[in-house]
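Asks: So the chains spell out like this:
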Amino acid sequence: MSMLISLFSAACVLAGVFFFIAGTLGLLRFGDTLSRVHALTKADNLGLGLIALGLLPLVDGIADALKLVVIWALVFLGGTTAAQLVALAVRREQDPPP
Amino acid sequence: MTALLLDLPLALGLFGAGAATLLARSLFGAVLGFISTGLIATLVWVRLEAPDVALTEAVIGAAATSVIILYVASRIGNRATPPAPPPIAQRVLAGILSALLAVLLAHALFSLPEPAPSLAAPVLDNIAPTGLGNPVTAVLMAHRAIDTLLESAVLVFAVFAIWSMAPERRWGRAPGPAFMAEAHGPLAFLAKVLPPIGIVIGVYIAWVGADAPGGKFQGGAVLAAMWVLPWIAGLVAPPSISDMRLRLAIAAGPLVFLMVGLMGFAVAEGFLAYPPGYAKTLILLIETAMTLSVAAAMACMIAGPPERRARP
Amino acid sequence: MNGTAPFALAAAGLVGLGLYGMLAQSSVLRKVIAFNLLGIGVFLVFGIAARRGAAAGLPADPVPQAMVITGLVVAFAATALALVLTLRLHQTTGAVTLAEDPPTANSAAPSE
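Chains as they are written, first to last, in our numbering: chain E, 1 to 98; chain P, 1 to 312; chain A, 1 to 112.
Everything labelled a hint here was simulated from the structure, so no lab data went into it.
Please note that a few of the clues may not be correct.
[Claimed, not checked] Derived SDA-like pairs (lysine to any residue); straight-line CA-CA distance at most 25 Å:
1) Lys192/P with Pro230/P
2) Lys31/A with Ile88/P
3) Lys42/E with Ile35/P
4) Lys31/A with Arg25/P
5) Lys31/A with Pro230/P
6) Lys67/E with Gly54/E
7) Lys192/P with Ala178/P
8) Lys192/P with Arg91/E
9) Lys192/P with Leu74/E
10) Lys280/P with Phe265/P
11) Lys67/E with Ala181/P
12) Lys31/A with Val67/P
13) Lys31/A with Gly94/A
14) Lys42/E with Ala87/E
15) Lys42/E with Glu93/E
16) Lys192/P with Phe76/E
17) Lys31/A with Leu39/P
18) Lys280/P with Leu262/P
If you're wondering where the values come from, they're calculated on a predicted model, not measured in any experiment.
Bound-form chain E, shown alone (with noise of 0.2 Å):
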C-alpha cells in the first residue's frame, strides 16, 4: 500500500515538474507576450496542482492538507488574476481607449 502511495506521489511531482519545465519553456520561447502568459498560467497552474496532489497522501495531518490546498488555491487565484491583468494591459497598449 505504502509502496502504490508513494509511486503515485513520484508520479505526480514528477509531472508536475515536467508541467513546470514547459511552462518555463513556453515563457522564454515564445514570440508575444499573450502565449507566453498563456503557456506560464496554464503549464504552471496544473504543475503546482500535480505537485499538491502528489504531496497530499504525503503529509501528517488533515491540517497540514488542508494548507497545502489552500496554497494551491491562492497561487491559483494570484496567478489567474495576474493573467488576466498582463493580459488587459497589452490590450489597452495595443489599441488605446480613444
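Following the hints, complete the assembly by docking chains P and A onto the known chain E.
Replies: Leaving out everything else, chains P and A in the frame of chain E:
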C-alpha cells in the same frame, strides 16, 4: 552527495540571477532579475535550515521590495532616457575592487574556525521561562529584545521620513497616489476575494510564530499587502496621514514594547526583563501590537508619501 | 564547511556583484536594486554562520537568524526611503542619476 546535487544548482542559480539583474539592458529586466534572485534566495534559506528567514525573505525581501521598486520604476523608468554609464576607468576600477572584495569574503568564509562558535545551546537552555517554542522568536523577543525594539522604532522613523517627502501642500492627505477604480476588473475581483483569506493567513502566521516558523514581521507584511490591495484597486481610500488612528497603529508596537520594557525596572530585573511567570503573556501582548504596527507601517511605506486628495 | 560551501561562494559573489552595481551604474534605481543584491549576499553570510553553528539539537544557530530577520525589515525600510527620494528627485528635477551636471532638456519635465 545528494545535498550537493541540490545545493550546487541553487547556488549557481542565485549568482546567475544576480548577474542577470546587473546585466539586464532595461530597467524592467533588472527588476525581474531581482525578483528571481530573491525567490532563489528564499529556497537557499530553506536549505540553510532557516524557515523563519525564508518566510521573511519571501514576503519582505523578494515580494514587498520588488513591488516598491517595480512601482517606482514604472513611474520614472519608462519616461526617462537611460543615463550614460560612468567612464570606463571608473567601471574597471569598480570591477577590480568588487572582485577583490568577493574573493576576500569567500576566503574568509572558507577559513572560519572549526568547530563553529554557536549560541544555540544557551538559547535552548534559557527558552523555558519565555514559554516560547520557536528559538528564533525567543531570541527576537527575549534574549535580544533590544534589537527588535530598536528595529520597530526604525519602521516608525522610516514612515516619518517618507511622509516628509510630500510637498507642503499635500501634507495631511492620504498616502500614495490616486488609483483609478475599476469596479469590475480582475484587480477589483482579487481585492474583494483575497483580503478575507489573506487576513486570516496573516494573523495565523503571526500567531504561530511563538512555536513554529512565522512571526510578527512575516504575518504583518501579509496583512499590509491585504490592506494595500484594495487601495491599489481603488475600492477604498486609505486614511489621511493626520488620522490619529493610523498614527497610533504605526506607533503601537514600539510604544507597547517600550512600556513593557520600562515596566521591567519596577517588577523584574531591569529594562526589557520580563517578570517570572508573565513572560509569555507580555510577549504575546508585544507581538500583537507589533503585528499591527508592522502591517500599518509597511502599508504606508508601500503607498509612499501623500499625492492625492483626502476623502471628501 | 557543513555543506555550506556552494552558498558561501554564491554569497561572496553576490556581495561583489552588488558593490559593482552600486559603483558602476549611474541610474539611481539600479543602484537601489544593486544595494538589495548586496544585502542578499550579506544576509546569506549570516545564514552560513548560523548553519555552521548547528548545536544542541538545533539545525542552526538561532541568533544570527534573528539578526537577519531584523536586518531584512530594516533593509526594506531603507529601500522604501531611497525609492521615495529617487521618485521626488525625478519629479522635481527630471533627473534619474546623481550626476553633477544638470539633466538634459528633454528629460527635464517635472511631472507634479
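Asks: For each hint given before, does the structure comply? Return the numbers of the non-compliant ones in rising order.
Replies: 5 and 11
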